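K.L.:
Based on the provided sequences and hints, a complete structural model is requested.
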Amino acid sequence: MIRNERMEVVAQQEIAQNIFELVLKGKLVEDIGTPGRFVHIRTTDGFDPLLRRPISISSSDSGEGTMTLIYRAEGKGTSLLAQKTAGEEADVLGPLGNGFPLAPAKSGDRVLIVGGGIGVPPLYGLSKKLKAAGAEPVHVLGFQSADVAFYEEEFSGLGETHITTVDGSAGTRGFVTDVIRQLGDFDLYYSCGPIPMLTAVSDMMEGTEGYLSFEERMGCGIGACFACVCHTDANEKGYVKVCSDGPVFRAGVVKL
Amino acid sequence: MIRNERMEVVAQQEIAQNIFELVLKGKLVEDIGTPGRFVHIRTTDGFDPLLRRPISISSSDSGEGTMTLIYRAEGKGTSLLAQKTAGEEADVLGPLGNGFPLAPAKSGDRVLIVGGGIGVPPLYGLSKKLKAAGAEPVHVLGFQSADVAFYEEEFSGLGETHITTVDGSAGTRGFVTDVIRQLGDFDLYYSCGPIPMLTAVSDMMEGTEGYLSFEERMGCGIGACFACVCHTDANEKGYVKVCSDGPVFRAGVVKL
Amino acid sequence: MNRLQVELPGLNLKNPIMPASGCFGFGKEYAQLYDLSKLGAIMVKATTLEPRYGNPTPRVAETPSGMLNAIGLQNPGLEKVVSEELPWLEQFDVPIIANVAGSETEDYVAVCERISKSPNVHAIELNISCPNVKCGGITFGTDPAIAKELTQAVKAVSSVPVYVKLSPNVTDVTAIARAVEEGGADGLTLINTLVGMRFDPRTGRPVIANGTGGLSGPAVKPVALRMVYEVTSSVSIPVIGMGGVAEVDDVIDFMSAGASAVAVGTANFVDHFVCPKLIDALPGRLDELGIGNITELTGRSHRL
Amino acid sequence: MNRLQVELPGLNLKNPIMPASGCFGFGKEYAQLYDLSKLGAIMVKATTLEPRYGNPTPRVAETPSGMLNAIGLQNPGLEKVVSEELPWLEQFDVPIIANVAGSETEDYVAVCERISKSPNVHAIELNISCPNVKCGGITFGTDPAIAKELTQAVKAVSSVPVYVKLSPNVTDVTAIARAVEEGGADGLTLINTLVGMRFDPRTGRPVIANGTGGLSGPAVKPVALRMVYEVTSSVSIPVIGMGGVAEVDDVIDFMSAGASAVAVGTANFVDHFVCPKLIDALPGRLDELGIGNITELTGRSHRL
Ligand SMILES: Cc1cc2nc3c(=O)[nH]c(=O)nc-3n(C[C@H](O)[C@H](O)[C@H](O)COP(=O)(O)OP(=O)(O)OC[C@H]3O[C@@H](n4cnc5c(N)ncnc54)[C@H](O)[C@@H]3O)c2cc1C
Ligand SMILES: Cc1cc2nc3c(=O)[nH]c(=O)nc-3n(C[C@H](O)[C@H](O)[C@H](O)COP(=O)(O)OP(=O)(O)OC[C@H]3O[C@@H](n4cnc5c(N)ncnc54)[C@H](O)[C@@H]3O)c2cc1C
Ligand SMILES: Cc1cc2nc3c(=O)[nH]c(=O)nc-3n(C[C@H](O)[C@H](O)[C@H](O)COP(=O)(O)O)c2cc1C
Ligand SMILES: Cc1cc2nc3c(=O)[nH]c(=O)nc-3n(C[C@H](O)[C@H](O)[C@H](O)COP(=O)(O)O)c2cc1C
Ligand code: FES
Ligand code: FES
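As they're listed, the protein sequences go chains A, B, C and D.
Under full-length UniProt numbering, the first residue of the first sequence is numbered 1, with each subsequent residue one higher.
Under full-length UniProt numbering, the first residue of the second sequence is numbered 1, with each subsequent residue one higher.
Under full-length UniProt numbering, the first residue of the third sequence is numbered 1, with each subsequent residue one higher.
Under full-length UniProt numbering, the first residue of the fourth sequence is numbered 1, with each subsequent residue one higher.
Treat the hints with caution; some may be incorrect.
As the list claims (entries may be wrong) - In silico PhoX-like links for lysine-lysine, alpha-carbon gap of 25 angstroms or less:
(1) C/LYS28 to A/LYS27
(2) C/LYS28 to A/LYS237
(3) A/LYS237 to C/LYS80
(4) A/LYS131 to A/LYS106
(5) D/LYS80 to D/LYS28
(6) B/LYS84 to A/LYS76
(7) D/LYS38 to D/LYS277
(8) D/LYS277 to B/LYS27
(9) A/LYS106 to A/LYS129
(10) D/LYS155 to D/LYS117
(11) C/LYS277 to B/LYS76
(12) C/LYS277 to A/LYS27
(13) D/LYS28 to B/LYS237
(14) A/LYS84 to B/LYS237
(15) B/LYS76 to A/LYS76
(16) D/LYS80 to D/LYS117
(17) D/LYS28 to B/LYS27
(18) D/LYS80 to B/LYS237
(19) D/LYS28 to D/LYS38
(20) C/LYS38 to C/LYS117
(21) D/LYS38 to D/LYS14
(22) A/LYS27 to A/LYS129
(23) A/LYS25 to A/LYS76
(24) A/LYS76 to D/LYS277
(25) B/LYS27 to B/LYS128
(26) B/LYS84 to A/LYS84
(27) C/LYS38 to C/LYS28
To be verified - Quick partial rundown of chain D residues pointing at chain C, CB under 10 angstroms, derived from the structure:
(28) THR142
(29) ASP143
(30) VAL170
(31) THR203
(32) GLY217
(33) PRO218
(34) ARG226
(35) ASP249
Claimed, not checked - Here's a subset of chain A near chain C, in silico, CB distances under 10 angstroms, partners left out:
(36) VAL9
(37) ARG52
(38) GLY219
(39) ALA227
Just so you know, the hints here were simulated from the structure itself, not pulled from any lab data.
Model, not experiment: these values are computed from the prediction.
Backbone N, C-alpha and C define an ideal beta-carbon position, used for all residues, glycine too.
P.N.:
Okay, here's the thing in structure tokens:
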């Protein structure tokens with residue numbers, strides 16, 4: 001069920017430069033189910049900024065009734081969101097989208113998880129579930145630089161974790177693909193991040209089953225406005241909507 | 001000097017239904033001088049609501065560097081302002097306008113002070129100054145009803161104070177003029193409130209020197225945009241600007 | 001007596017609130033959120049003769065109190081709309097207004113003839129004003145003579161009343177309104193979006209892949225209200241007003257300006273429950289205003 | 001070398017930022033706040049032959065991210081402007097652009113001839129587009145032939161270059177732009193305000209006493225940018241862009257769209273120091289964008 005709820009802000013902190021970790025509590029959490037889904041947040045009661053902001057659910061705790069979002073405060077909307085403090089409310093619509101399928105991961109599978117920048121958050125919830133299901137997650141997380149990197153420890157707690165930065169200020173200097181090349185074979189892979197990264201990763205992993213999470217500018221967030229379509233490889237007029245058919249698609253479905 | 005300052009919110013409380021008392025601290029207070037001037041407040045960093053809100057300075061304390069505003073939270077802008085709490089900042093332009101002239105009040109003068117609703121606030125600072133100058137202020141304050149009445153005690157501390165309410169829930173039932181009729185003669189009068197009240201008061205006080213404070217929709221607040229003009233009685237094309245020539249005019253100047 | 005009820009050609013509305021075309025798809029997504037039978041009507045997504053993929057992305061961009069869109073009339077095409085989308089909507093007790101778009105008169109005529117026979121389609125909304133499609137649309141919407149001819153052609157084949165949707169991107173909206181009234185239109189809907197652009201300051205490129213997009217949302221409300229006022233001063237067919245409606249007083253204002261009913265577009269993206277909320281809020285607001293039936297509001301400002 | 005410098009017909013601008021006409025009076029009020037010599041230029045309040053009182057109040061109303069105004073060209077009239085307002089401005093090192101309005105060609109011609117001889121007036125801004133004055137303005141601004149004739153008449157008498165200010169309330173702004181270019185205009189300024197209304201939901205009455213008003217502020221920026229883009233695609237005279245400018249990236253966007261300089265109107269009411277702030281912010285922003293001279297920005301989006 002999709003709810004529009006004024007959720008309680010339980011905590012918010014800056015965990016890296018302009019990167020915020022926001023914990024929200026409410027009934028909406030009951031329906032999250034699979035990791036990789038997202039919520040659509042209204043950041044003001046006025047009309048400027050007007051549109052909701054789509055943010056992935058990084059992880060959730062159904063016992064506590066809370067979920068954690070991680071986002072970069074950059075433009076108007078996310079900067080307003082970053083001003084919220086514990087005890088205030090946030091206007092949240094969700095959960096939305098399909099999320100990562102967990103079924104393909106068998107116990108004992110070696111699973112590659114590749115995140116880029118602000119694409120990293122939903123992979124944390126995913127990795128937790130995969131680990132719980134007996135798979136062996138291997139993480140490769142790419143960031144611009146050390147000061148915007150986050151969650152290295154959290155991912156390390158779940159499995160082998162490699163960090164890359166463009167400027168070499170943390171982990172390996174370079175791109176995620178430079179590291180993946182050296183990690184051997186995988187049974188399955190998941191990735192979320194900028195399109196060039198998704199392209200490079202899916203090219204490199206050709207032949208392995210994989211799932212990619214996409215971003216596109218959104219209007220409604222629920223499939224009604226056709227703002228967020230992507231061409232599919234299938235045929236000229238084929239398309240999928242990132243918000244309601246995705247944001248996660250099996251590698252090969254969306255034309256890259 | 002007119003400043004645009006991010007002033008510190010020292011305190012804010014609701015003193016009657018939807019009526020807020022806001023104490024602000026900053027350098028701007030140094031230049032207030034005479035009572036009856038106003039400030040122009042931006043209530044959001046975004047563009048909705050767009051325009052500043054003109055609010056009278058109710059009183060100020062140059063020792064503390066603070067000023068007090070009293071306003072009704074009604075529309076978009078004032079409702080946002082009412083959400084501010086101690087320690088936050090407010091974007092204030094001012095002081096603006098001319099304020100009430102104090103010179104006409106001689107020591108010992110019996111001075112009538114008539115306020116209506118949200119026109120009452122600036123009269124408090126005025127009355128304090130008049131009292132300090134040795135005049136004897138007599139206050140007649142009109143409100144809709146008891147739950148939106150405020151500052152009766154404060155005014156009583158300065159002199160004789162009569163309250164009227166339209167529904168009779170506090171003080172005398174009726175309008176300020178019903179009370180003024182019974183108060184005898186005055187050397188001088190000051191008034192601030194809705195136009196029908198200003199008209200009634202100035203008609204009744206015809207022959208006595210008086211000063212009226214006006215409200216008009218504003219754009220710039222400093223005299224540049226011609227939004228807030230009023231016709232003068234002088235001639236067809238004569239006009240004054242409420243924001244920069246006023247908001248206070250000698251009775252008879254503005255065509256009522 | 002239902003005090004929110006409004007009677008218009010072909011439309012017996014429970015209330016004057018309906019989602020605007022293109023902001024509500026064919027209803028399926030919002031049906032997950034609330035019962036569509038609550039709505040006065042539904043203006044479904046523009047339908048064209050053939051399926052359309054529409055424009056490249058990004059298709060939307062935010063602007064101060066508004067948004068730009070250049071979806072480009074993506075839709076599954078007449079066949080699929082008539083055989084799948086509209087029948088699915090029959091489960092709800094709500095009249096459908098079918099928004100019809102095309103590039104040539106023949107397209108419009110073909111789609112209107114067919115779609116107007118669908119049992120739950122109670123009216124056509126002739127979209128002569130979509131700013132995001134290269135050929136066709138824009139000339140139909142800006143030239144009175146062409147608009148009139150198209151209206152006549154469509155009226156000749158339609159089984160239901162025809163409302164013509166006007167473009168705000170014109171010097172004199174009343175000239176188009178009068179022309180389509182002469183052409184036999186049963187009603188008008190306005191406004192469609194204002195043509196606008198946004199740029200990426202880093203690159204200087206337009207943010208919308210199509211270059212220009214249509215501006216909608218609260219930002220355009222003053223223009224929409226003015227046009228509703230002007231148009232209802234110069235024609236006698238009824239008007240469904242839209243452009244920036246988000247709050248109950250916006251409904252009051254559009255009706256005061258002359259609208260008989262009100263459509264809600266962009267606001268559905270900001271508050272997904274806005275339509276039922278407006279419907280629920282109306283009776284209380286009418287009480288506060290001392291108005292008995294909502295129809296008393298229509299054109300109130302003209303009578304002052 | 002001053003990297004913010006812009007050269008335009010009659011105008012040697014220190015920087016491309018200037019207050020828009022009607023939002024800055026004749027400078028006296030803002031001179032209390034900062035040194036007017038900082039500005040690229042000043043577009044002063046519209047001047048008419050005779051003094052005008054303007055429209056009844058309320059003259060302004062707030063709208064989402066915008067405002068409506070119907071000041072009605074209140075001004076002290078040509079004589080007083082030339083003998084008092086303009087001489088007072090001579091103490092500042094800043095070129096003045098005199099905004100001229102009228103109801104008939106003769107008015108415009110008389111005002112332009114005289115005002116263009118004032119020593120600090122470096123250019124005329126011919127206001128053929130003010131939506132708040134009953135007769136005259138609006139037809140001049142919406143009919144290409146009339147706009148062209150007026151331009152020719154004014155050009156014949158003006159001692160300084162003439163910029164024509166275009167109305168956005170037209171079907172095709174490029175048609176007017178081309179016409180006034182043919183008429184000899186040295187430059188264009190756009191956009192003036194969009195005609196809009198607001199109502200009081202309690203009474204149904206328009207909030208602005210005049211009924212309609214002109215919409216300005218960030219809400220109109222997408223429309224303004226689109227028109228600057230369109231116009232600079234179809235004429236070769238320079239354009240001064242305006243409509244919703246409030247932040248440094250708005251300046252970048254207007255110039256990317258084709259403007260050679262940028263005027264700031266409504267934002268002066270929201271942040272009274274916006275003009276000097278924009279000027280101070282530009283060099284840093286150019287550095288971030290890797291741009292040397294600001295003139296490189298002009299029309300960047302057309303070259304991509
Ligand atoms: C399914 C999905 C999940 C996402 N998850 C996260 C996440 O977990 N953490 C995170 O930091 N970011 C995430 N993003 C990106 C995030 O939505 C944008 O960074 C955010 O909307 C930008 O808003 P703003 O106020 O900072 O920027 P502004 O510049 O003010 O945004 C202007 C407009 O552009 C849209 N926009 C800008 N950037 C993007 C983008 N990259 N994708 C989609 N729309 C955009 C905004 O939503 C808004 O409508 C996600 C995006 C999608 C589509
Ligand atoms: C010189 C002056 C002094 C004032 N002093 C006080 C005061 O001390 N306390 C107080 O409560 N109010 C005072 N007011 C009135 C106050 O400015 C308005 O109540 C306030 O602007 C309304 O804003 P809003 O956000 O509540 O309403 P909205 O309805 O959101 O306002 C919409 C627009 O209308 C304008 N507006 C609405 N009502 C008025 C009004 N009465 N006068 C001028 N503009 C208005 C707003 O400024 C805004 O631009 C004063 C007005 C003036 C001109
Ligand atoms: C994303 C989007 C898609 C739209 N698609 C259509 C459409 O297919 N047909 C149409 O006539 N109008 C379309 N419109 C215009 C709306 O129906 C409406 O006229 C306009 O948006 C103004 O209303 P609003 O401000 O409430 O959104 C669309 C608007 C938006 C925002
Ligand atoms: C209060 C006000 C008064 C205006 N007066 C004039 C005027 O006298 N002459 C003119 O050409 N434009 C006038 N304008 C229009 C502005 O110069 C400008 O074209 C328009 O407001 C768009 O810019 P903005 O969004 O930055 O305000 C006025 C605008 C406002 C808000
Ligand atoms: S955002 Fe509306 S369809 Fe995806
Ligand atoms: S508000 Fe601009 S002149 Fe008074």
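K.L.:
Hint by hint, say whether it matches the structure.
P.N.:
Now the hints, each set against the structure:
1. Proposed proximity of C/LYS28 and A/LYS27 is supported: the alpha carbons are some 24 angstroms apart, at most 25 angstroms.
2. A threshold of 25 angstroms between alpha carbons decides the hint, and for C/LYS28 with A/LYS237 the separation of about 21 angstroms falls inside it, so the pair holds.
3. A threshold of 25 angstroms between alpha carbons decides the hint, and for A/LYS237 with C/LYS80 the separation of about 14 angstroms falls inside it, so the pair holds.
4. Distance check on the hinted pair: A/LYS131 and A/LYS106 sit about 10 angstroms apart at the alpha-carbon level, within 25 angstroms; holds.
5. For the hint pairing D/LYS80 with D/LYS28, the CA-to-CA distance comes to about 14 angstroms; that is within 25 angstroms, so the pair holds.
6. Using a Cα cut-off of 25 angstroms, the hinted pair B/LYS84 and A/LYS76 holds, with the two alpha carbons roughly 20 angstroms apart.
7. At roughly 10 angstroms between alpha-carbon atoms, D/LYS38 and D/LYS277 fall within 25 angstroms of each other, so this suggested pair holds.
8. Our distance criterion of 25 angstroms between C-alpha atoms is met by D/LYS277 and B/LYS27, whose separation comes to about 21 angstroms.
9. Restraint check: the Cα-Cα separation between A/LYS106 and A/LYS129 comes to about 12 angstroms, which is no more than 25 angstroms; the hinted pair holds.
10. About 13 angstroms separates the Cα atoms of D/LYS155 and D/LYS117, which keeps this hinted pair within 25 angstroms; it holds.
11. Restraint check: the Cα-Cα separation between C/LYS277 and B/LYS76 comes to about 19 angstroms, which is no more than 25 angstroms; the hinted pair holds.
12. Only pairs whose Cα atoms come within 25 angstroms are accepted, and C/LYS277 paired with A/LYS27 is accepted, the gap being roughly 21 angstroms.
13. Proposed proximity of D/LYS28 and B/LYS237 is supported: the alpha carbons are some 21 angstroms apart, at most 25 angstroms.
14. With a C-alpha separation of about 52 angstroms, the suggested pairing of A/LYS84 with B/LYS237 is violated against the 25 angstroms cut-off.
15. Pair hint B/LYS76 plus A/LYS76 holds up; C-alpha atoms about 19 angstroms apart against a cutoff of 25 angstroms.
16. The suggested pairing of D/LYS80 with D/LYS117 holds, with an alpha-carbon distance near 14 angstroms, which does not exceed 25 angstroms.
17. Between D/LYS28 and B/LYS27 the CA atoms are separated by roughly 24 angstroms; this keeps the pair inside 25 angstroms, and the hint holds.
18. Distance check on the hinted pair: D/LYS80 and B/LYS237 sit about 14 angstroms apart at the alpha-carbon level, within 25 angstroms; holds.
19. For a cut-off of 25 angstroms, the pair hint linking D/LYS28 to D/LYS38 stands: about 14 angstroms separates their Cα positions.
20. Distance hint between C/LYS38 and C/LYS117 is fulfilled; the C-alpha atoms sit about 24 angstroms from each other, no more than 25 angstroms.
21. As the CA atoms of D/LYS38 and D/LYS14 are separated by approximately 8 angstroms, the hinted pair is consistent with the 25 angstroms bound.
22. With a CA separation close to 21 angstroms, the supplied pair A/LYS27 and A/LYS129 stays within the 25 angstroms bound.
23. For a cut-off of 25 angstroms, the pair hint linking A/LYS25 to A/LYS76 stands: about 24 angstroms separates their Cα positions.
24. Between A/LYS76 and D/LYS277, the direct Cα distance comes to roughly 19 angstroms. Compliance with the 25 angstroms bound is thereby established for this hinted pair.
25. For the proposed pair B/LYS27 and B/LYS128, the alpha carbon gap of about 22 angstroms is at most 25 angstroms, so the pair holds.
26. A distance of roughly 13 angstroms separates the Cα atoms of B/LYS84 and A/LYS84; the hinted pair therefore holds under the 25 angstroms criterion.
27. Restraint check for C/LYS38 and C/LYS28: satisfied, since their Cα atoms lie roughly 14 angstroms apart, inside the 25 angstroms limit.
28. For the restraint placing D/THR142 at the interface with chain C, the shortest Cβ-Cβ distance is roughly 5 angstroms, inside the 10 angstroms limit, so the hint holds.
29. Taken as an interface hint, D/ASP143 checks out: its beta carbon lies about 9 angstroms from the nearest beta carbon of chain C, inside 10 angstroms.
30. The closest approach between the C-beta of D/VAL170 and any C-beta of chain C is roughly 5 angstroms, which is under the 10 angstroms cut-off, so the hint is satisfied.
31. A least Cβ separation of about 8 angstroms between D/THR203 and chain C falls short of the 10 angstroms threshold, and the interface hint therefore holds.
32. Look at D/GLY217: its Cβ gets to within about 8 angstroms of chain C, closer than 10 angstroms, so that hint holds up.
33. About 4 angstroms separates the beta-carbon of D/PRO218 from the nearest beta-carbon of chain C, less than 10 angstroms, and the hint is met.
34. A distance limit of 10 angstroms between C-beta atoms decides the matter here; for D/ARG226 the minimum to chain C is near 4 angstroms, and the interface restraint holds.
35. Nearest Cβ of chain C to the Cβ of D/ASP249: about 4 angstroms, under the 10 angstroms cut. The hint holds.
36. Against a cut-off of 10 angstroms between C-beta atoms, the interface hint on A/VAL9 is violated, since the closest Cβ of chain C lies about 20 angstroms away.
37. Interface restraint check: A/ARG52 against chain C, minimum CB-CB distance 7 angstroms, threshold 10 angstroms, status holds.
38. Annotation: interface hint on A/GLY219 holds; nearest CB of chain C at approximately 5 angstroms, less than 10 angstroms.
39. At its closest, the beta carbon of A/ALA227 sits 4 angstroms from a beta carbon of chain C; the interface hint therefore holds under the 10 angstroms criterion.
Against the hints set out earlier in the document, violations occur for numbers 14, 36.
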